[in-house]
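Undergrad: Chain order of the listed sequences is A and B.
Read in order, the letters of the first sequence correspond to residues 1 to 327 in the working numbering.
Read in order, the letters of the second sequence correspond to residues 1 to 148 in the working numbering.
To be clear, the hints were calculated from the coordinates, so they are not data collected in a lab.
Ideal Cβ placement from N, Cα and C applies to all residues, glycine included.
Be a bit skeptical, because a hint or two may be false.
Now the in silico label distances, taken between C-beta atoms and shown as ranges [claimed, not checked]:
(1) 33/B to 222/A: 29 to 37 angstroms
(2) 85/A to 11/B: 34 to 42 angstroms
(3) 37/B to 85/A: 38 to 46 angstroms
(4) 8/A to 11/B: 43 to 51 angstroms
(5) 58/A to 76/B: 22 to 30 angstroms
(6) 74/A to 15/B: 39 to 47 angstroms
(7) 322/A to 14/B: 27 to 35 angstroms
(8) 124/B to 45/A: 26 to 34 angstroms
These are the residues of each chain, in order.
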Amino acid sequence: MPEPFRLLVYLGGIMAFVGLNAAYLVWVERKAAARFQRRPGPTEVGPAGLLQPLADAIKLLSKQVLVPPEADRLLFRLAPAVVMAPALMCLAVLPFSERLGARDVPLGLVLVFAFGSIHVLALMVAGWASRNKYSIISAARVVSQNVAYEIPLLLVVITVLMMTGTTSLREIVDGQAGAFWHWNLFNLKVNPLMPVTFVIFFICLLAEMNRAPFDMAEAESELVAGAFTEYAGMSFGVFFMAEYANIVVGCALATILFLGGWHSPVGLLPGLGWFLLKLYALIFVVVWVRWTFPRTQFYRLLNLSWKILIPISMFTLVLTSVMMKLF
Amino acid sequence: MKSPLREVLSGFVSLLTGMRITLQQFFRKPVTVHYPHQTLPIPKRYRGHVVLLRDPESGQALCIACKACQKACPSDCIAVDGIKREGERRKSVTEFKLDFTKCSLCGSCVEVCPVDALEFSRAYNLASTRREAFHQIDLVRRPGASQQ
């Protein structure tokens with residue numbers, strides 16, 4: 001395929017993938033939340049409420065985008081645009097299957113984490129520009145939360161990096177080829193605490209994505225809607241979509257790093273199918289966690305990171321390096 | 001004082017227990033009754049607004065317009081009027097107005113009725129945009145009310 005054409009196809013494909021996922025994960029979330037609480041969930045719009053995201057989108061699009069008079073106009077309008085960027089950028093380097101993946105950058109893993117942090121920047125800018133006390137509290141929380149959780153997350157990633165010896169996501173997946181005990185999750189020969197590492201990674205992922213039980217940024221019972229309080233119409237919709245786009249990116253990354261990407265334990269499906277299966281299974285766990293646990297208090301959140309997650313991830317890092325040196 | 005490591009472990013186990021419980025609920029049937037499409041059976045002793053019982057053959061109200069209910073009503077929401085028709089041994093009701101805006105469904109009227117001509121209906125889907133719809137419910141001219 002000629003290069004410019006390929007570029008356009010992947011650009012369109014990634015945007016469609018993000019858009020579709022953001023729209024339909026809202027539906028999945030609402031349905032799943034309903035089932036966890038033994039309700040039927042959305043049923044009225046279309047069969048089994050399947051047209052609900054469309055109805056929501058039309059409602060949001062028909063609303064006026066208001067800018068509060070006291071707000072910083074430029075930053076206020078910029079934040080929704082910035083918040084979508086990291087998810088789209090990250091998907092450009094994530095490999096979906098043997099042959100599907102927009103770009104294989106040698107420093108793919110580093111790139112994902114570099115762009116992933118922009119999401120926090122966007123939330124902070126949104127909170128700051130709104131000139132609203134709840135938004136500013138939320139912005140401050142987002143930053144301190146993400147600083148706290150970036151550390152164990154990166155420590156875990158370094159552990160994985162030492163095992164794989166490469167930052168190219170495609171090579172990381174290829175290193176886990178074969179049966180499922182070749183996955184990094186079960187690489188117990190190098191690090192007997194690998195499942196613990198995965199759990200830490202997953203917890204940090206939830207915190208980085210601002211998902212319940214770590215949704216301190218939105219915290220609707222304390223901070224109205226946090227950084228999104230002043231946003232109306234589709235500019236709020238974009239933040240909402242970005243949340244789900246980030247979940248997709250985060251879970252895709254977990255699949256690649258720990259669950260062997262597109263490699264299947266038994267065959268049957270093509271590589272892409274297995275990748276998506278693992279991805280959506282993880283997304284289901286994210287939703288499951290949200291509807292199981294209540295939101296933590298803010299200082300507990302920081303305690304969890306600084307007192308528990310960082311020491312444990314440090315320990316696994318040291319353990320891995322020792323094991324690799326010895327064996 | 002438990003050791004920190006054990007505390008983390010027991011905390012994690014309790015998280016897993018919580019997740020197991022919610023997953024069990026996930027696979028069970030929703031308990032919601034999807035209201036406009038489904039309804040629960042109304043209990044036998046449900047108290048809707050009162051209605052006049054009628055003779056199943058002639059369709060005539062059993063009420064003899066004795067006004068006992070009007071006197072018994074603590075909220076003054078019943079107004080009864082009747083006439084004595086030729087050839088009949090009892091009076092028959094011509095007007096039975098219920099002010100449902102004031103009625104508290106206490107049931108004094110049903111209890112006091114000497115001929116058991118009143119009963120609670122099971123109408124609970126009462127909705128209107130006008131006050132008049134409940135202000136003066138005409139029970140003589142609304143025979144279908146009890147079927148609601």
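Undergrad: Please flag the earlier hints that this structure goes against, numbers listed from lowest up.
TA: 5
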